[in-house]
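The lines below spell out each chain.
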Amino acid sequence: MSSAAKITMNGVKKAFGSNHVLRGIDLSVATGSSLVVIGGSGTGKSVLLKCILGIISPDSGQILIDGKPIKRRDEFLSHFGMLFQGGALFDSLPVWHNVAFRLRQGRAKLSKADAQALAIEKLRRVGLKPEVAFLHPAELSGGMQKRVGLARAIASNPDVIFFDEPTTGLDPIMAGVINELIREIVSEIGATTITITHDMSSVRAIADNVAMIHAGKVRWHGPVDGIDTSDDPYLDQFINGRAEGPIESVR
Amino acid sequence: MQAVFFISEALASIGRTTLALLTSIGRLVIFAGLAVSHSVRTPFYPRELMTQLLKIGYFSLPVVGLTTLFTGGALALQIYAGGARFNAESVVPSIVAIGMVRELGPVLAGLMVAGRVGASIAAEIGTMKVTEQIDALTTLSTNPMKYLVVPRILAATIAMPLLVLIGNIIGILGGFLVGIFRLDFNSSAYITNTVDFLETGDVTSGLIKAAVFGFIVALMGTYSGFNSGRGAQGVGQATTNAVVSASVLILASNYLLTELLFPA
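Order-wise, the sequence lines are chains X and W. Its first residue numbered 314, the first sequence is counted upward by one per residue in our numbering. Its first residue numbered 37, the second sequence is counted upward by one per residue in our numbering.
Source of the hints: derived by calculation from the structure; they are not laboratory data. Accuracy of the hints is not assured; some may be wrong.
Stated by the list, open to error - Covered stretches of chain X, as calculated for chain W (at least 3 residues, CB under 8 Å): (1) 362 to 369; (2) 380 to 394; (3) 397 to 409; (4) 415 to 422.
Each residue gets a CB set at the ideal place from its N, CA and C atoms; glycine is no exception.
Just chain X, with the same shape it has in the complex (with noise of 0.2 Å):
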C-alpha cells in the first residue's frame, strides 16, 4: 500500500440555507487504503461523498485527487466506481446493460457480446449466476440487487470506489457476505475506498482507517484497531450505541 494520498479534503464546508451540514472537513485516504466514515444520520456522509463526485458543489474549501485540484470531472469519473445504499440499478436495463452500462458508452464502447460477457463475468465474480445477467432488477432480491450494485461498481476496474452504506436492509449473513466480497475485491484491484456506514460489523470487515463526522467535523480519525481504544466519549458512545453520551439522541 502506498501512502501518497490518493484523495485530500481541505476545509471543506458546505450549508443547505441556515443548515450548515459540514463546516469544515479535513480529511485524506492514502492510496490503495480502505477508510469508513461512520457518524450520526443527518450528519452530513453522504454530502461529503457527493460534494466529491462533483454533484452537490461545496461551499469553500478544497477536495484534491492525487495532490491536485479536480479540473476535469469526466476524467475523475471514468476511474471511480460506485455502490449506492439502494443499489440505484437501472430498472427499465437487464442486468448485463446495468453492469456494463459504462462499457457501453463511448467512442470505446465494448459490443453488446463483450459487454454480456464482462457482465457475467463481473457477477460470478461477486456470487450470481449467469442467468441473472438477463433479468431484470426487480426481479432481484434486495441482496442480489447490493451484488448486481458491487458488480457494476467494479466493472471497469476503478482506482476509486465509494460504498454508501453496503450493508443496510440486508440480514447478518448476506451483510456478513457483502462485507467479504467488498474486502476480497477491493484487495484484488487495489483501489482506494471511502465507505459509508452505520454498521459496526461493517465497519471492522473493511476498514483500514476509520474517521467520525460529527456536528459538521471530522471528530476522531484513525486506524480501525484504534476504535475500541480510543479515549473519545463521542466515538466510544458511537461504537458501543448508547443513548446516554455526549452525542444528543431525540427520544
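Dock chain W against the given chain X, drawing on the hints supplied.
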C-alpha cells in the same frame, strides 16, 4: 396598528409569491436552454431516442385516435345543428376539416399526450431521482441531461406532428362517418368539400402547433421529474405539476401561436 400589520403581511406574502414564481420561471428557462444546447452536442443516444419515439408516438396513437374520432363526429353534429339556423348545413365538411386541422387536432392531442406521456415522464424521472438512479448515471460518466432529457424532448417534438397528422385524418373521418350515416350527406360531395376547402397553411399551422406542444409536454415532464420531492408524495406531486403545467402552457401557447399564424 393591527391594520398596518395585516397590510404589511399581505404585501410580504405577495412579494414572496412573486419571487417564488420568478425563480421557478428562471429555473425552467435555464433547464430548457440546457436541454436545447445539449441536443446539438455529442454524445447522442439514438437508441434512447428511438425508444422514446416508440413510447411517446406509437403508444399514444390509440388515445389520440379515439379522442379525435369522437370529437370529429361531435363537431359535425354541432356544426350541422348550428348551421341549420341559417340554412348553412352544407358547411359541415369544410368547418369540420378546418376545426380539426387548425385547432382541435393539435390541442386535443397535446392535452391527451400531456396526460399520458407528461405524467409518465415525470413519474419515471422523479422515481429515478428519489432512488438515486440519476446520481448513479453521473457516477457512470453519463450526463443525465443528455441521456434522459434530450431524447424525450426530441422524441416528443418529432412525434407530436405525426400524431396530430394521423389524429386529423381520423377526426375528419369521424365527421365524415357522422355526415354520411347520421346527417345524410353524399359521400363524394363530403370528400370534395373537405379537400377543396382545406389549404396547405391550415395543415402546416396545426403541425407547427403540435411540435411546440410536444416540446412543452416533454419539457414539463422532465423538469418536474428532475425537481421531484422525496418519497411517493414528492413523485405524485411532480406528476400532477407536469400534467397541469403542460396543459395550461399548451392552451396559452395555442392562443399565442394562433395570433402569430393567423393574425386578424
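Against the structure, the hints:
1. Only residues whose beta carbon comes within less than 8 Å of a beta carbon in chain W count, and the segment 362 to 369 of chain X has 4; three or more means the coverage holds.
2. With 5 residues having a beta carbon nearer than 8 Å to a beta carbon of chain W, the segment 380 to 394 of chain X meets the requirement of three or more and the stated coverage holds.
3. Counting residues of the segment 397 to 409 of chain X whose beta carbon lies closer than 8 Å to any beta carbon of chain W gives 7, which reaches the threshold of three, so the coverage claim holds.
4. Counting residues of the segment 415 to 422 of chain X whose beta carbon lies closer than 8 Å to any beta carbon of chain W gives 3, which meets the minimum of three for the stated coverage.
Comparing the model with each earlier hint shows no violations; every hint is respected.
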